[in-house]
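Going by our numbering, the first residue of the sequence shown is number 1, and it counts up by one from there.
Please keep in mind that the hints were generated in silico from the structure rather than gathered at the bench. You can trust all of the hints, since none of them are fake.
Think about it this way: if two alpha-carbon atoms lie no more than 25 Å apart in a straight line, the pair counts; the simulated SDA-like pairs of lysine to any residue are:
#	residue 1	residue 2
1	K247	E65
2	K337	D262
3	K163	G132
4	K77	T40
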Amino acid sequence: MRYDKSLFERVRENEQLAEKFYQVELKILATLNYVDFFETLLNEIAAVFEVPFVWFSLIEGSEVESLLRERYSGQLKTVVNRVEYEFLNRFIDDKGDVLRVNEDLQHYLPLLPKEHCQVVRSLAITPIFVDGELVGTLNQADGDVDRFSPCLNPVLLQRLALKVSICLSNVTAHEKLHGLACLDPLTGLFNRRVMDQALQREFNRAVRYMVPLSVVFIDLNDFKQVNDTYGHAVGDLLLQHLATNLKELSRSSDFVARYAGDEFVLILPETDLTKATALLTRMTETLHGLPVGIADGELFVSLSYGIASLPDPEVESPEQLLRKADQCLYRTKRCYKAGA
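With the hints as extra help, turn the sequences into a complete structure.
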């Protein structure tokens, strides 16, 4: 009996590919948060399959994109970009088939990171779903025009898409559960426990690399009077309003948390006292122009704040830095109550 040598070669190649996919699957199955998931998956694909360009495109406003932006803003800029649903919907069918293209790549420019546009000659676009909903695509690209040609058998890419979708669904579920333990239920901001961890981390980094760090303690003025006059429902609305705007007015590198009651904390990495003061001045001015609408009219936001910054020879721990900001807030509140 004669055997087709090319058949054996194809079988061996398929076995090798299957083994590579298995390696990738094992790595991503062990991840429990978005940062580890995206970085591990993309690094493994790039290394195992020798793909020069690998990244994710997430649909703006999708559950995954929203959670990622809320919790890990700025951490995955090099491996994740964002696209509109209407754009992806033009070329991704209901079956979620993998798209392989090596012609007319200009039609896919919104997917491509700017630094790759001039060198990419072929592209594999793999739709990713979470709980049956399209959330984005896993993209692989090469300068070789034949690497991801339409003639490429998509079976293994489809298998990868399925595994990635399942794992991303699991990670998303874990992120939601984690969020319940880390987020303040009323405002959606990080809670005090997470704030303590973030402050410790940023304090250590500031000391190690000798960069500035500022902490801001914020307190609503006359909050008890608001509750007594309008009721706790309006008080809660005011807290939510302040939390939303603190988040929106902060920079992507800043950390915003609800400390307790009507107290909030901002952690401002690589920000000295002068810059922190300028930022809070802009915030308070903007917030004053954004009143809360209530049944009886409008309720204007009034707040006091205290700032403490590194370097400071009197501060040797994150607890001392926070306490110093709190003391500064206390002095500001006294001036406010005295009408100064």
